[in-house]
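Let the sequences and hints guide you as you build the complete structure.
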Amino acid sequence: MFEPRNPAYADAARAIFGNAGFITDIGIEPQAVEPGLVLSRVLIQPRHMQHDGVIHAGVQMTMADHTAGAAAFTVIGADEFVLTTSFTTNLLKAALGTELRCRSTVLQAGRRLVVCESEVFAVRDDVETRVSKAVVSLAVLQRR
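Last residue of the sequence shown: 144 in our numbering, with the numbers rising by one and none dropped.
If you are wondering where the hints come from, they were derived from the structure by calculation, not from laboratory data. Just so you know, even glycine gets a beta-carbon here, dropped at the ideal spot from N, CA and C. Just to be clear, a hint being listed does not mean it is correct.
[Claimed, not checked] Label-pair restraints from in silico Cβ distances:
| # | residue 1 | residue 2 | range |
| --- | --- | --- | --- |
| 1 | 113 | 133 | 29 to 37 Å |
| 2 | 51 | 77 | 28 to 36 Å |
| 3 | 7 | 49 | 35 to 43 Å |
| 4 | 83 | 126 | 35 to 43 Å |
Encoded structure:
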C-alpha cells in the first residue's frame, strides 16, 4: 500500500487523461483511482483495429503506458510530474473484443523513479482476457 504525497492525488491522476489530446483522441478514460492503482478503459471502434481485424498493439501499448503514468501520479508530490523512461510490453494474445481494460499498479515508488506494471484485458461477451502486460519506468521530475 502506498501513502499519497499529494492530497489531491486522484484529481491529478484523472486529469492526465483529459489533458492529453492523443489519449482523448484514442478514447482512453480513467475508471478508478486509488493510491498505487489506476484502472482505465477504451471502447473499441473501427479506428482501433489493425488491418487483420485485431485491436492494434499501439492502442494496447499507449493504454498501458499512460495508465501507468496515472498510477505514478498517485504516489508523487503535487509539485512533481512523471515521464516514461522505458517500457517493455509483452503481447500475450491477439486482442479481440468490444473494450480494453487496463490495470496499472505501482511496484516501486522512489523519489526519482517510479516503476509500474500494467495489464491490459480485452473484453468480449463480458469475459476479460489478458492480452498484454507491460513494465513501465517513469522519471519523477519537478514542475517549474
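Evaluation of the provided hints:
About 20 Å separates the C-beta atoms of residue 113 and residue 133, a value inconsistent with the hinted range of 29 to 37 Å. At about 44 Å, the beta-carbon gap between residue 51 and residue 77 misses the expected band of 28 to 36 Å. Roughly 41 Å separates the CB atoms of residue 7 and residue 49, a value that falls within the hinted 35 to 43 Å. Distance hint for residue 83 and residue 126: a CB-CB separation of about 36 Å, consistent with the stated range 35 to 43 Å.
Against the hints set out earlier in the document, violations occur for numbers 1 and 2.
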